[in-house]
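Trainee: Residues per chain, in single letters:
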Amino acid sequence: MDRTQLLIGVAVALFSLGLVGVIVRRHVLVMLMCMELMLNGVNLSLVTFAQQTSTTVGAVLVFLIFVVATVEIALAIPIVLLLVRTKRTLDLGAYSDLKG
Amino acid sequence: MIESLLGHANTLLLLACCAGAVAGAALMLVLRQPMRVAMALIATMLFLGGIYGLLGMHFIAAFQVLIYVGAVMLFMVYVIMLLEVRESDGPRYSRLVIPGVASLLVLLFVLAASVWRPLPSPQGEIGDAGYGIAAFSIDFLGTYWLLFELTSVLLVAAVVAALAAIRVGREAAERRTNG
Chain A
1 MDRTQLLIGV
11 AVALFSLGLV
21 GVIVRRHVLV
31 MLMCMELMLN
41 GVNLSLVTFA
51 QQTSTTVGAV
61 LVFLIFVVAT
71 VEIALAIPIV
81 LLLVRTKRTL
91 DLGAYSDLKG
Chain B
1 MIESLLGHAN
11 TLLLLACCAG
21 AVAGAALMLV
31 LRQPMRVAMA
41 LIATMLFLGG
51 IYGLLGMHFI
61 AAFQVLIYVG
71 AVMLFMVYVI
81 MLLEVRESDG
91 PRYSRLVIPG
101 VASLLVLLFV
111 LAASVWRPLP
121 SPQGEIGDAG
131 YGIAAFSIDF
141 LGTYWLLFEL
151 TSVLLVAAVV
161 AALAAIRVGR
171 EAAERRTNG
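Here the protein sequences line up with chains A and B, keeping their order.
Quick note on our numbering: the first sequence kicks off at 1 and runs consecutively.
Quick note on our numbering: the second sequence kicks off at 1 and runs consecutively.
Hints in this document: simulated from the structure, not taken from any laboratory.
All values reported here derive from a predicted model rather than from experimental measurement.
Where a beta carbon is used, it is the ideal one built from N, C-alpha and C, also for glycine.
Just so you know, not all the hints are guaranteed correct.
Over 10 Å on every C-beta distance to chain B, these chain A residues come out as not near it, computed from the model [claimed, not checked]:
| # | residue |
| --- | --- |
| 1 | L6 |
| 2 | E36 |
| 3 | K87 |
| 4 | Y95 |
Subject to a maximum C-alpha distance of 25 Å in a straight line, what follows is the list of computed SDA-like cross-link-like pairs (lysine to any residue) [what the hints assert, rightly or not]:
| # | chain 1 | residue 1 | chain 2 | residue 2 |
| --- | --- | --- | --- | --- |
| 5 | A | K87 | B | R36 |
| 6 | A | K87 | B | S152 |
| 7 | A | K87 | B | R32 |
| 8 | A | K87 | B | A112 |
| 9 | A | K87 | B | A172 |
| 10 | A | K87 | A | L98 |
| 11 | A | K87 | B | I42 |
| 12 | A | K87 | B | T177 |
| 13 | A | K87 | A | V22 |
| 14 | A | K87 | A | D97 |
| 15 | A | K87 | A | V12 |
| 16 | A | K87 | B | N178 |
| 17 | A | K87 | B | W145 |
| 18 | A | K87 | B | V168 |
| 19 | A | K87 | B | L146 |
| 20 | A | K87 | A | G9 |
| 21 | A | K87 | A | S54 |
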């Protein structure tokens with residue numbers, strides 16, 4: 001196993017663990033953090049290939065993912081606050097009446 | 001001798017950062033309290049910043065620490081404190097825990113099988129990124145200027161949407177107060 005395989009393996013592990021966290025955890029904020037973990041796994045693979053090929057396109061994509069992650073949190077947190085004000089809980093089971 | 005030792009030190013540091021990142025991610029699935037999960041995620045992000053630094057992508061390591069840890073996770077920690085999230089007595093995992101773990105195993109198998117195939121061998125040593133922030137900035141603002149502008153538009157749209165969501169919540173609270 002060389003360095004590239006090691007780093008891509010770590011990226012795969014991070015993405016998979018984040019995906020499982022989104023599926024199995026019930027807490028809304030923990031699910032949000034698991035989504036961030038998935039984005040971090042994607043970032044690691046992009047940085048690995050950008051470093052390997054010495055091209056800037058991977059670094060540009062990483063920067064865009066940083067922005068998307070920031071936007072995601074900036075939008076998700078007010079929505080979570082609204083939901084908590086309505087239901088008084090962060091358990092996902094309480095929001096099963098949401099449609100759409 | 002010293003250079004060879006430093007090369008091994010870099011490899012060992014890289015392995016340690018990889019192990020730390022995966023351990024932090026695994027802890028996120030196990031820990032119950034959201035604040036501890038946030039701390040595990042911050043540790044994972046810091047280890048990833050170390051990996052980026054060891055690969056020679058220092059500016060991405062700086063972005064990782066400044067944007068992810070310094071802004072996003074700080075915001076998350078503030079929200080956890082604001083909501084006074086306590087350990088609940090309810091179940092930690094949803095009903096999808098068995099399909100979730102099964103899908104994890106399948107996903108890991110498929111991805112590992114695809115990654116295990118021979119990849120292009122790494123060029124240069126650890127820490128040899130081939131370009132720095134100057135080349136990145138010139139490319140980003142030159143070749144990829146449209147993406148840069150779209151990023152700005154996305155940020156503005158996010159600010160407007162967040163303000164709208166806060167306003168909706170405030171109006172709903174006022175309606176409840178007035179009866």
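Trainee: Determine for every hint whether it applies to the structure shown.
Mentor: Checked hints:
At the 10 Å boundary, the C-beta of L6 (chain A) falls inside the reach of chain B, the nearest C-beta of that chain being 6 Å off. Remark: the non-interface label on E36 (chain A) conflicts with the geometry, its nearest Cβ contact in chain B lying 6 Å away (cut-off 10 Å). Annotated as non-interface, K87 (chain A) keeps its C-beta farther than 10 Å from every C-beta of chain B; the closest such distance is 12 Å. No Cβ of chain B comes within 10 Å of the Cβ of Y95 (chain A); the nearest lies about 12 Å off, and the non-interface call holds.
A threshold of 25 Å between alpha carbons decides the hint, and for K87 (chain A) with R36 (chain B) the separation of about 24 Å falls inside it, so the pair holds. At most 25 Å may separate the alpha-carbon atoms for a hinted pair to count; K87 (chain A) and S152 (chain B) exceed this at roughly 34 Å. Using a Cα cut-off of 25 Å, the hinted pair K87 (chain A) and R32 (chain B) holds, with the two alpha carbons roughly 21 Å apart. For the proposed pair K87 (chain A) and A112 (chain B), the alpha carbon gap of about 41 Å is over 25 Å, so the pair is violated.
Note on K87 (chain A) and A172 (chain B): the hinted pairing holds, with a Cα-Cα distance of about 13 Å set against a maximum of 25 Å. Taking the CA atoms of K87 (chain A) and L98 (chain A), the gap is about 12 Å. The hint holds against a cut of 25 Å. At roughly 28 Å between alpha-carbon atoms, K87 (chain A) and I42 (chain B) are farther apart than 25 Å, so this suggested pair is violated. Between K87 (chain A) and T177 (chain B), the direct Cα distance comes to roughly 16 Å. Compliance with the 25 Å bound is thereby established for this hinted pair.
With a CA separation close to 21 Å, the supplied pair K87 (chain A) and V22 (chain A) stays within the 25 Å bound. Note on K87 (chain A) and D97 (chain A): the hinted pairing holds, with a Cα-Cα distance of about 11 Å set against a maximum of 25 Å. With a C-alpha separation of about 36 Å, the suggested pairing of K87 (chain A) with V12 (chain A) is violated against the 25 Å cut-off. With a C-alpha separation of about 19 Å, the suggested pair K87 (chain A) and N178 (chain B) falls inside the 25 Å cut-off, and the hint holds.
Annotation: proposed proximity of K87 (chain A) to W145 (chain B) is violated, straight-line Cα distance about 44 Å (limit 25 Å). Proposed proximity of K87 (chain A) and V168 (chain B) is supported: the alpha carbons are some 16 Å apart, at most 25 Å. A distance of roughly 42 Å separates the Cα atoms of K87 (chain A) and L146 (chain B); the hinted pair therefore is violated under the 25 Å criterion. Note on K87 (chain A) and G9 (chain A): the hinted pairing is violated, with a Cα-Cα distance of about 40 Å set against a maximum of 25 Å.
With a C-alpha separation of about 50 Å, the suggested pairing of K87 (chain A) with S54 (chain A) is violated against the 25 Å cut-off.
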